[in-house]
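Spelled out, the chains give:
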Amino acid sequence: MAALYDRYSSLVYAIALRVLGDTGAAEDVLQEVFMQLWRKPAAFDSGRGNLGAWLGVITRNRAIDGLRKRRPETDIADVVVSVEPDMAGEAERSRAMEKVRGALGGMPAPQRSALEMAYFEGLTHTEIAAKTGEPLGTIKTRIRAGLEALRKAFEP
Amino acid sequence: MSAHEQFADDLALLALEALHGDERVAIERHLEDCPACRRELERLRGDMALLALSASGPAAPKRSRDRLLKAIAKEPRAEKTPARRSARWTLLPWLAAAVFLAIAGSFWQQSDRLSQRVAQLQEESSQQQAQLERARKVVSTLTATNAMRVTLVAAQAPPQPQGKAIYVRERSSLIFLASNMPALPAQKAYELWLIPTAGSPIPVGTFKPDARGSATVIEPTLPAGVEAKAFAITVEPEQGSATPTMPIVMMGAGE
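Just so you know, the sequences run in chain order A and B.
So in numbering that gives the first Met the number 0, spot 146 of the first sequence is number 145, and the numbers just go up one at a time.
So in numbering that gives the first Met the number 0, spot 53 of the second sequence is number 52, and the numbers just go up one at a time.
Next up, chain B with everything else stripped away, as it sits in the complex (with noise of 0.2 Å):
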């Protein structure tokens, strides 16, 4: 613990607002020169917070939320909120100056620290653009019609069709593109399974081969967060099946 031992004790009592009188002063005094007891005292009411969860019980009624809205309502937020009670300050003019030097201040570094926060979020903005940019280009080249697929493959083998699954199961996002896929009777698709490690296949989505044997199947609805064991692809009727019917044509498990 990097805080003073000796004020351990107090410190925890002072989070719960159990501390009064001189005991309280001392820490209070003790705090105002000691960062690390006051870090101290910011995780214990952390602590503090962490147990308020163990408390829990019903909702509160929809009553209280008219009646606070209704409040709100009445009272519009005031601009200029006095940083601190003070009795003193109405006897002594030059006090009352100082409170709104202070509220000035105060003003001037929120307005500061909100117009860091809008640069700051310009700046995340201008990131997010180029990355979603930069994601759209890979998801065009991946997709586009007129892309010129190559599957290198070892010199002397006849075209071996090729499906390929990019899937990412914390997103739920999936890729899947297919290359050399023979034609299809009609009224027939293929559908691709996700083989999930528990559970019974679940169906991605359905494709059919362009006449160069090209498909792909991107970001389909997926449940969330499964995880696969391998992917399957069967031939089903074009609307596509709630279980796969066999044989299965294509299958890969995880590299």
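Isolated chain A (complex conformation) (with noise of 0.2 Å):
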């Protein structure tokens, strides 16, 4: 668990905390997400993708959770992430992390913002369309294509 934490902590923390924007509360969710680990090792199974992404996207959920003072909805054994680049080395992850700032900074900003919204603040669609004046369907669409979008900068 030790030697997890030491590959992982830098990952999980740092998504905790441009989340919760909060250093004790990122402390806390980095401690969640490893004891849930730790407790429930069976919900990570390995033939089912990264450790690397799977924490990455727990992670933003609980932080996300926390954020929003709601109680989780879908159970950590209940995520499948499927994803190309493995997150295990931390040169690896820089290299994927300059890739999605590439994809990111190619967007187009509305569709940007959609998604960080979505993604760093929790806010739902409907909740995006309210702020920005736009209609929902719009947003939900910049949200799936700001998604696709990034998975097309890993695609060969």
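Keep in mind that the hints were calculated from the coordinates and are not lab data.
Remember, it's a predicted structure, so these values are computed and weren't measured experimentally.
All the given hints hold, so there is nothing to weed out.
Taking lysine-lysine pairs in the DSS-like style, the calculated list, with each CA pair at most 27 Å apart, reads:
hint : chain 1 : residue 1 : chain 2 : residue 2
1    : B       : LYS187    : B       : LYS163
2    : B       : LYS61     : B       : LYS73
3    : B       : LYS73     : A       : LYS39
4    : B       : LYS163    : B       : LYS207
5    : B       : LYS207    : B       : LYS228
6    : A       : LYS39     : B       : LYS69
7    : A       : LYS39     : B       : LYS61
8    : A       : LYS151    : A       : LYS98
9    : B       : LYS207    : B       : LYS136
So these bits of chain B aren't anywhere near chain A, every CB distance computed over 10 Å:
hint : residue
10   : GLU122
11   : ALA182
12   : ALA197
13   : SER199
14   : GLU237
The C-beta atom is built at its ideal place from N, Cα and C for all residues, glycine as well.
Two chains, two frames, some hints: make the complex.
This is the structure:
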């Protein structure tokens, strides 16, 4: 567990801190995510994806739950993540990070901001539509297109 | 896209945990019967994981690590973790029985998966053992002092000094074999150089031919991943040099 922590804590902490903006709360999420992995190791099935990506998704979801003060809706054992780059090593992560930043930079501004609001602030499409004054359908499509644009950046 | 287009936007929202109420129920119901949409949801979660990478910041404080390890020490891993939370099972004993069956089933499945994995690892390990054995043989033949080394050249040509470098850049692995090397003056050695495509020659190692003019340099320490343009040999003081002393006595470029 210490080895897993040493490998993935920077990833988990960075996400939690970005979402919550508070070091104390981010430390709590860090603790909670690793304790969950400790208590329910079977929730993550290595045949189903890579651990870094899985932790990334779980962490973001827990941090958003914390931010919005709500109970988790999805059981961690039901979260299956399918992604190309392996996020085990620092070097691979920083290479992938460059690509992600490039893809974000290449997005039209409204798409990027819809995606970031949904992802890092946990706003629903309805809330984003209300905030930006744009139609609900447009927001939904932007969020999906944003996620797909990231995927495309990793396609050969 | 193989997933259903009409659900595509909602799948993205579900991945982001931004879908609630009826909309969520509707898509979850659809997911139960639609492997293509389940697959798309997994990929969308993968995209989310990529997005997670765009967050970066200071490392977690040291105290977090201590806190986690302390908490773990206090909480030995439970052997039976219920597969799912259920609010009703305490009310319905038969359901409890079903849960126990499910747990037993999942343990059985896990142990089955584990034994498969063990078998697979054993298989891999014996394959690796065989490969290793083969590699050992190859290397020992290449480097054996009692090996007969024959270089075939055009008939009637006098024996020529010859060196063969086998270099695998990705592994920084090098095997070098030389034959018919002229004897050296005292306190001198041959030195092999890797000439990179960019930059100055890198010393690979020194060697002295045996009485029959044969010599080897096997797996020297090399900087990682250097692309080689050519290899060269110079005569240097026994302890080797950092830069080659002219003239180059032998040289060869990649084929």
